[in-house]
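*Asks:* Starting from the known structure of chain E, arrange chain P on it as the hints suggest.
Line by line, the protein sequences are chains E and P. Per this note's numbering, the very first residue in the first sequence carries number 1; after that it's consecutive. Per this note's numbering, the very first residue in the second sequence carries number 1; after that it's consecutive.
Keep in mind that a hint or two might mislead.
DSS-like mimics (lysine-lysine), calculated; alpha carbons at most 27 Å apart, straight line [said to hold, decoys possible]:
hint	chain 1	residue 1	chain 2	residue 2
1	P	132	P	228
2	E	132	P	76
3	P	84	E	84
Source of the hints: derived by calculation from the structure; they are not laboratory data.
There are 2 protein chains.
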Amino acid sequence: MRYKCVVQYDGSLFLGFQVQTKGRTVQKEIEQVLQQTFLETITIHPAGRTDGGVHALGQVFHFDTKADLKEWNMKKALNTLLPKDIYISSVEKVSDEFHARYGVRGKEYHYTLDLGEYNPLFRHYRYYPPFKNIQLEPMIEASKHYIGTHDFRSFTKNKALEDTVRTIYSWDVHVEGTVVTMKIIGNGFMHHMIRILVAMLVECGRGKCSQEDIKWILAQKNRVYAPKIAPSAGLVLVRVFYDLTDLTMKS
Amino acid sequence: MRYKCVVQYDGSLFLGFQVQTKGRTVQKEIEQVLQQTFLETITIHPAGRTDGGVHALGQVFHFDTKADLKEWNMKKALNTLLPKDIYISSVEKVSDEFHARYGVRGKEYHYTLDLGEYNPLFRHYRYYPPFKNIQLEPMIEASKHYIGTHDFRSFTKNKALEDTVRTIYSWDVHVEGTVVTMKIIGNGFMHHMIRILVAMLVECGRGKCSQEDIKWILAQKNRVYAPKIAPSAGLVLVRVFYDLTDLTMKS
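In isolation and in its complexed conformation, chain E is listed as follows (with noise of 0.2 Å):
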């Protein structure tokens, strides 16, 4: 049997989602729980990883096992056994085809940006940026030179050897009192990328770099002209795209 799960977790307290030597990730804390529950060792198949703190709304994995149990079941017993920040929302058997990772069409971003005082009640979920007068008009304008597909190796961590050309569909910005939002669709985003070209945006708004220069710095494909990292507090994983046509029926 392998079954798909929509998963949320408060990214705070954890080092990121994969598994890793050391230290509490999200992925080894569902692979406790399904080994206590099923008496075997379960792998589960992410769409993907997240970072350290960041959190996700909509991330999707899949695992196989022998086990045979409603859909509804295996949502109840895994979430009773799961630790407070991780809950599973949704549970559907799949057939053997469906693979978390490889299925993938897009993926839905938000990254929350707070540009009046700081809260420390929203201080794991808002980027507080520590610069006065960021305008918004220039951080809207520029945001629009990211739309479409084009090659970001500009804005990805790694010395990629990886293909580095992306889509992005769109990148909404909604703005109510002194918190905005960035809604943001694409088909793919490499290591680090969304940090980094909200970065850059928050650049623009503090008028230190130009709609040209964005255009430029796109065109470089080199990461030492966007130096710069967005925390990784601000950004949810909202949703993993499966179909081509619920990408076009943007949530």
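*Replies:* Coordinates of chain P only, in the frame set by chain E:
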């Protein structure tokens, strides 16, 4: 010099406000920073205590020191040294006649329930009652019985020797989707009082308690009839009033 400070804190990682022999408290963190800054032992005087897990956006305290700093410099100095879950939002020099506790005329608390599915990102800030089919109407109706001047002896923790008569000026219920925020203003609240009052409203929403029961329990002046208590996570101290005219202008 006497300074009045407004302080915000995330109560999740504190045992409460007041210094205790063991464990992390808001008061201890602030007094340590004052000691570090002014090289003298300074005791702070809060408007009142809050329990572990209870948050604040508008707690008030005062302290005295020989140091004469500009208000803005004092705010900056303290926030630089305070941990990320405490933030001083305002500092004001006041006369010796101001006392953060004795001068209190009223307080505003918010309590947030979420009647939808559990979400780990809000677990420290909302109460997710583990009951199905909670109805809003009976909760809103029952809350009206709390408004006014009553002996709230049935709704407090301790076998109170003190006077247990309090006045609740308003108990407003705001609903947005599945999220129910109760905005409560009163001249004072006893230990656990709001959390017990909220727990009884949830009983009304479940159909376990009628409108008549609420009136009857109030009249009994005995906690045995209101044994439940809602979690501290949903509770925030939003504002402390020192002026009766402010009280009539609800936030």
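*Asks:* Next, verify each hint and record whether it holds.
*Replies:* Hint by hint, here is what the structure shows:
1. P:132 x P:228: 17 Å, holds
2. E:132 x P:76: 15 Å, holds
3. P:84 x E:84: At roughly 22 Å apart (the allowed maximum being 27 Å), residue 84 of chain E and residue 84 of chain P satisfy the hint.
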